[in-house]
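K.L.:
Residues 3 to 71 (the working numbering) make up the sequence shown, in order.
No lab work stands behind these hints, which were simulated from the structure alone. Any given hint could turn out to be false.
Unchecked claim - DMTMM-like mimics (lysine to aspartate or glutamate), calculated; alpha carbons at most 25 angstroms apart, straight line:
(1) Lys53 x Glu6
(2) Lys58 x Glu48
(3) Lys39 x Glu50
(4) Lys53 x Asp5
(5) Lys18 x Glu54
(6) Lys18 x Glu48
(7) Lys39 x Glu49
(8) Lys18 x Glu57
(9) Lys39 x Glu57
(10) Lys18 x Asp5
(11) Lys39 x Glu54
(12) Lys58 x Asp5
(13) Lys58 x Glu6
(14) Lys58 x Glu44
(15) Lys18 x Glu6
(16) Lys18 x Glu50
(17) Lys18 x Glu49
(18) Lys18 x Glu44
(19) Lys39 x Asp5
Unchecked claim - Distance windows between CB atoms, simulated:
(20) Glu44 x Tyr22: 34 to 40 angstroms
(21) Ser61 x Ala10: 24 to 30 angstroms
(22) Leu8 x Thr67: 32 to 38 angstroms
In this text the structure is predicted, and so the values were computed from the model without any measurement. Where is the CB? At the ideal position from N, CA and C, for every residue including glycine.
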Amino acid sequence: MQDELLLARARRQANKMVSYFMSQPNGLWHLIATISKLPRFEGAYEEELRKELCEKASSLYQHSTLELS
């Protein structure tokens, strides 16, 4: 149960971070830079946060490249 709460918290944090970065100029690139600075393999929370941010950034990048074509 504790792990599920921790993972849900990481997902909410990822959503907040994505919303913030995407409201800024060049937000996708700032999001990617932030992901690259996150600590690796610190714990379940950080791992889930990194995973969620990577998935969202990938999706946003794919969407933005489709708009350009």
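K.L.:
Please go over all the hints and tell whether each is borne out by the structure.
P.N.:
Verification of the hints:
A hinted pair counts as satisfied when its Cα atoms are at most 25 angstroms apart, and Lys53 with Glu6 qualifies at roughly 15 angstroms. This hinted pair checks out: Lys58 and Glu48 have alpha carbons roughly 15 angstroms apart, not beyond 25 angstroms. Straight-line distance between C-alpha atoms of Lys39 and Glu50 comes to about 15 angstroms, which keeps the hinted pair within the 25 angstroms bound. For the proposed pair Lys53 and Asp5, the alpha carbon gap of about 15 angstroms is at most 25 angstroms, so the pair holds.
Restraint check for Lys18 and Glu54: satisfied, since their Cα atoms lie roughly 11 angstroms apart, inside the 25 angstroms limit. Simply put, Lys18 and Glu48 have alpha-carbon atoms about 15 angstroms apart, close enough for the 25 angstroms limit, and the pair holds. At most 25 angstroms may separate the alpha-carbon atoms for a hinted pair to count; Lys39 and Glu49 meet this at roughly 13 angstroms. A distance of roughly 14 angstroms separates the Cα atoms of Lys18 and Glu57; the hinted pair therefore holds under the 25 angstroms criterion.
Note on Lys39 and Glu57: the hinted pairing holds, with a Cα-Cα distance of about 16 angstroms set against a maximum of 25 angstroms. With a C-alpha separation of about 20 angstroms, the suggested pairing of Lys18 with Asp5 holds against the 25 angstroms cut-off. About 15 angstroms separates the Cα atoms of Lys39 and Glu54, which keeps this hinted pair within 25 angstroms; it holds. In summary, the hint linking Lys58 to Asp5 is supported, as the alpha carbons are separated by about 22 angstroms, within the 25 angstroms threshold.
Proximity of Lys58 to Glu6 is assessed by CA-CA distance (about 20 angstroms); at most 25 angstroms being required, the pair is judged to hold. With a C-alpha separation of about 21 angstroms, the suggested pairing of Lys58 with Glu44 holds against the 25 angstroms cut-off. The straight-line distance between the Cα atoms of Lys18 and Glu6 is roughly 18 angstroms, inside the 25 angstroms bound, and the hint therefore holds. Annotation: proposed proximity of Lys18 to Glu50 holds, straight-line Cα distance about 14 angstroms (limit 25 angstroms).
About 17 angstroms separates the Cα atoms of Lys18 and Glu49, which keeps this hinted pair within 25 angstroms; it holds. Among the hinted pairs, Lys18 with Glu44 is consistent with the structure: their alpha-carbon atoms are about 21 angstroms apart, no more than 25 angstroms. A C-alpha spacing of about 24 angstroms is found between Lys39 and Asp5, which places the hinted pair at or below 25 angstroms, so the restraint holds. Take Glu44 and Tyr22: their Cβ atoms lie about 21 angstroms apart, and the range 34 to 40 angstroms is violated.
Roughly 20 angstroms separates the CB atoms of Ser61 and Ala10, a value that falls outside the hinted 24 to 30 angstroms. Take Leu8 and Thr67: their Cβ atoms lie about 33 angstroms apart, and the range 32 to 38 angstroms holds.
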